[in-house]
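Protein chains in written order, with our numbering: chain B, 1 to 407; chain F, 408 to 688.
None of these hints come from the bench; they were simulated from the model.
All values reported here derive from a predicted model rather than from experimental measurement.
Beta carbons: idealized from backbone N, C-alpha and C, even for Gly.
Heads up, some of the hints might be wrong.
Unchecked claim - Computed cross-link-like contacts, DSSO-like style, restricted to lysine-lysine with a CA-CA straight-line distance of at most 27 angstroms:
(1) 2(B) / 459(F)
(2) 462(F) / 584(F)
(3) 666(F) / 542(F)
(4) 485(F) / 451(F)
(5) 451(F) / 462(F)
(6) 584(F) / 666(F)
(7) 390(B) / 462(F)
(8) 384(B) / 666(F)
(9) 462(F) / 2(B)
(10) 384(B) / 584(F)
(11) 124(B) / 2(B)
(12) 384(B) / 492(F)
Said to hold, decoys possible - Here are the simulated distance ranges between beta carbons:
(13) 19(B) / 538(F): 55 to 63 angstroms
(14) 615(F) / 218(B): 44 to 52 angstroms
(15) 564(F) / 218(B): 41 to 49 angstroms
(16) 378(B) / 494(F): 43 to 51 angstroms
(17) 641(F) / 388(B): 50 to 58 angstroms
(18) 639(F) / 260(B): 31 to 39 angstroms
(19) 130(B) / 615(F): 31 to 39 angstroms
(20) 61(B) / 639(F): 42 to 50 angstroms
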Amino acid sequence: MKTVYLDNNATTRTAPEVVDAMLPFFSDLYGNASSMHRFGGQVGRHLARAREQVAALIGAHPAEIVFTSCGTESNNAAIMGTLYSYPAKRHIVTCRTEHPAVMNVGHHLQSRGYRVTELGVDGKGNLDLEELRAALCDDTALVSIMAANNETGVLFPVDRIAAITRERGIPFHTDAVQAVGKIPLNMAGNAIDLLSLSGHKLHAPKGIGALYIRKGTRFSPYMIGGHQEGGRRGGTENVPYIVGLGRAAELAADRLEDENTRVKELRDRLENQLLARIPNTLVNGNRERRLPNTTNLSFEYIEGESILMLLDEEGICASSGSACTSGSLQPSHVLRAMGVPFTAAHGSVRFSLSIYNDVADVDHVIHVMPSIIERIRDMSPFWKDFQAGKPMSSFFTGGDAEHHLHG
Amino acid sequence: MWDYSDKVKDHFLHPRNVGEVENPDAIGEVGSLACGDALRLTLKLDENQRIKEIKFQTFGCASAIASSSALTEIAKGKTLEEAEKISNQDLADFLGGLPEEKMHCSVMGKEALDAAIANFRGEKMVKGEFEIVCKCFGVTDREIERVARDNRLTTLEQVTDFTKAGGGCQACHPKIKEILAGLWQILPEEPAEKNLPGGKKLTNLQKIRLIEETLEREILPPIRSDGGDLELVDIDGNTIYVALRGNCSFCPQSQFTLKNFVEAKLREFVSSDLVVEEVKP
C-alpha cells in the first residue's frame, strides 16, 4: 500500500539533497570547528555557510542566527534568555493557542511567580490587537505570539504585533516553527526581535533548530557552556545537522513559490472537494489568512481518532485534535480557545501537505473520505438523531449535569 | 499511536451488532457529546427473558467502538441477571486488553448495559443518592467508588483512566483522593500546616505571603489554562476575598471551583480554618 503522507505539520520527510549534504560530516569531516588544527578548522567554513543559508531564508544577517537542538529549545531560550536580561520585570504576554513549547513555559513561569497574560482568539483563531495593546504594561518583559498555528495554519499578524511592542520598548518573540519555509519572512522589513525555527518542519532532520536574535536585542544565554554561537549557546556545534538545516533552508527558499502556488492549490482542492462531498463539515480557522499547506476540518457528530484509524487503513497519514488523540481527555486547546462547538471539536482532522505531495495523493483522500465519514456516522447515535431531526435531548450536550450521569 | 490489540482493531474495523433494535424492551444511554464518547444500547428479550437481540450506536474512538461491539457479543443470549455480572474487565479481557488510558471505554460499555437493565426494570436514579464529583465529565461519587472497587484502583491517575473523572479542570482531585482514602482506608495526606517548623502559628505577614505563593503555584495555573483567572482582593482574619475573572466570571461551576478547589488548596497549604468568599464586581 502506498503511503500518502499529509501530516507535514507534525514532521516532514528529510529531503534527499539534505541527507547527501550531511553524510560527509559523519565520516570524513568529523572535526571540531573550535580546534586549532586545520582538520577541525576546515569545518568552520561549512558552519558559516549554513548560517548564511538559514539567514537568507528569513532575510536576516548570519550573525543573528544561533543554532539550537530543536524548536522547543529555541522557544525556551528566547523566553528565558529575555527574562534573564530583564530581571526586574515579571510579566509576559502569550496567546491561548500557542504550542506547548511556549504555553507550558508560560505555565512553568507562573508557578515561579511570574504573571502571564494569555490572549484569547475569536472563532476563526484571530487575535485582537486591541486586547494585546491593553495587556502591555511597564512590567511586561516579553511578548511571545506564534507566527502560524500548527493545528489550523492560521497566521498571526506578527509584523503588526512587532510594531506595537517596539513602540512600547518591549521585546517580541515569535514561534515561527510552522511558518518558516512555508511563507516568505523578511526580518529586514519588520521589528521582530526573536524568532524560533525548527529543522524537521522544513525537510531537515529532527534534532536541529535555530533562534534568530536581532542585533541589539538583550539576550542572556539559556544553555550555558563554551563560547560557541557567539557565546549565546554553549555546546559543540552539531555539524552534520547544522549543514543539513542550511541545505534545507536553501531548498526551502527555492521552493517557496511552489509551496504557495501548487501546494496551496492541492490543499484548496482537497478542502473544497471534501466540503462539497461530505455534509456537516466545517473548516476550523480563518480561511483567508492561513498557511498554504494546512487544512483543519471538523466532521460533525463523530470522533477524530476513529477517522484517523480508517484513514490509516488506506495508507493516509493525518492528525486530529480530538481528546482521544491529544493524550488528554479534552479536545485540542486550540479548538477550545476558538470556541468550536462540541458537535465539531471532537471530530477534527488536520491535513498538512508538502512539496512532495501531488494531485494523486489528494485525490486518493477525496475518493475514500466520504465513505469513511459515512461509515463512522452510521455508528454514531448523535448523527442518527440529527438525521431524524430529533433534538439531542436524550444525550447531554453541555452545561446541565443532570442529563449526563455516569451513575 | 495507541497500541491496540488485534482484537480491538478487528472489532473496530468490523463492529458487530451496530444499529438500533426495533421496538426495544430496554434502552441504555451513557456519555455525552461534550465528553467525547457516548453509547446507546438497545435490546430485546425472548420469552425466557434472555437477550435475543442487542445493538449499539457509539460516538467515540476506536476502543470505544470496539468495547461496544464486544459488549453486545458477550451479552447476547444471557439473562439480565447474568448480564448484570459482566464487568468492565470482562470487556477488556474479551478484547485482549485495552491501553490503561482507554479503560474508561470498557467502563462506558458496562454502564450502558447497567442503564439498559435499570431501564427495563423501571428503575430510575433518585436525586440525592449521589453527588457529582467531576463536573467536567459528569461522574458521580457512586461511579468512582464502584469502578475503583471493581478494578482495585488506588491512585487518582487510575481513576481518571477508568472513569475520566479528574481529567478536565482538576478541581475534583481532592475529592477523588478522599473517596479512594475512604474506600481503602488510606489516611489522607498530612495537612501542610502540621509540617511547619515547630508547629508555630503563622504571623499575618507570613500568612499573606503563603496565600499568595499558594495561589501562584497551585491554584492559578490550572484555572488560567481553562481561560479563567482569579484575583486576590483582601484578607481579613481567616476570610480570603477573591474576584473571579475571564471565563470563571460567567462559568456556572465557579462556586464549586471556589469552594472545592481554591478553598481546599488554601486549606491544604496555608491553614485549615481559611474561608474563601467571592467579591462580586
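Verification of the hints:
1. The suggested pairing of residue 2(B) with residue 459(F) is violated, with an alpha-carbon distance near 44 angstroms, which exceeds 27 angstroms.
2. Between the alpha carbons of residue 462(F) and residue 584(F) the distance comes to roughly 37 angstroms, so the proposed pair goes past 27 angstroms and is violated.
3. Restraint check for residue 666(F) and residue 542(F): the C-alpha separation of about 14 angstroms stays at or below 27 angstroms, so the hint holds.
4. Of the pairs offered as hints, the one joining residue 485(F) and residue 451(F) holds, with about 11 angstroms between alpha carbons and a cut-off of 27 angstroms not exceeded.
5. Among the hinted pairs, residue 451(F) with residue 462(F) is consistent with the structure: their alpha-carbon atoms are about 9 angstroms apart, no more than 27 angstroms.
6. Taken as a hint, the residue 584(F) and residue 666(F) pair is honoured in the structure, with Cα atoms around 16 angstroms apart against an allowance of 27 angstroms.
7. Our distance criterion of 27 angstroms between C-alpha atoms is met by residue 390(B) and residue 462(F), whose separation comes to about 20 angstroms.
8. A C-alpha spacing of about 40 angstroms is found between residue 384(B) and residue 666(F), which places the hinted pair above 27 angstroms, so the restraint is violated.
9. For a cut-off of 27 angstroms, the pair hint linking residue 462(F) to residue 2(B) is broken: about 36 angstroms separates their Cα positions.
10. Distance hint between residue 384(B) and residue 584(F) is unfulfilled; the C-alpha atoms sit about 39 angstroms from each other, more than 27 angstroms.
11. This hinted pair does not check out: residue 124(B) and residue 2(B) have alpha carbons roughly 34 angstroms apart, beyond 27 angstroms.
12. Between residue 384(B) and residue 492(F), the direct Cα distance comes to roughly 30 angstroms. Violation of the 27 angstroms bound is thereby established for this hinted pair.
13. Checked against the given bound of 55 to 63 angstroms, the beta carbons of residue 19(B) and residue 538(F), roughly 60 angstroms apart, stay inside it.
14. Between residue 615(F) and residue 218(B) the CB atoms are about 33 angstroms apart, so this pair departs from the stated range of 44 to 52 angstroms.
15. Taking 41 to 49 angstroms as the suggested C-beta distance range, the pair residue 564(F) and residue 218(B) conforms, at roughly 42 angstroms.
16. Judged by the Cβ atoms, the range 43 to 51 angstroms given for residue 378(B) and residue 494(F) is violated: they are separated by roughly 29 angstroms.
17. Distance hint check for residue 641(F) and residue 388(B): the Cβ-Cβ separation is about 55 angstroms, which falls inside the suggested range of 50 to 58 angstroms.
18. For residue 639(F) and residue 260(B), the hinted distance range of 31 to 39 angstroms is not satisfied, since their beta carbons lie about 50 angstroms from each other.
19. Taking 31 to 39 angstroms as the suggested C-beta distance range, the pair residue 130(B) and residue 615(F) conforms, at roughly 35 angstroms.
20. Between residue 61(B) and residue 639(F) the C-beta distance comes to about 46 angstroms, which sits within the given range of 42 to 50 angstroms.
Of the hints listed earlier, those the structure fails to meet are numbers 1, 2, 8, 9, 10, 11, 12, 14, 16 and 18, in rising order.
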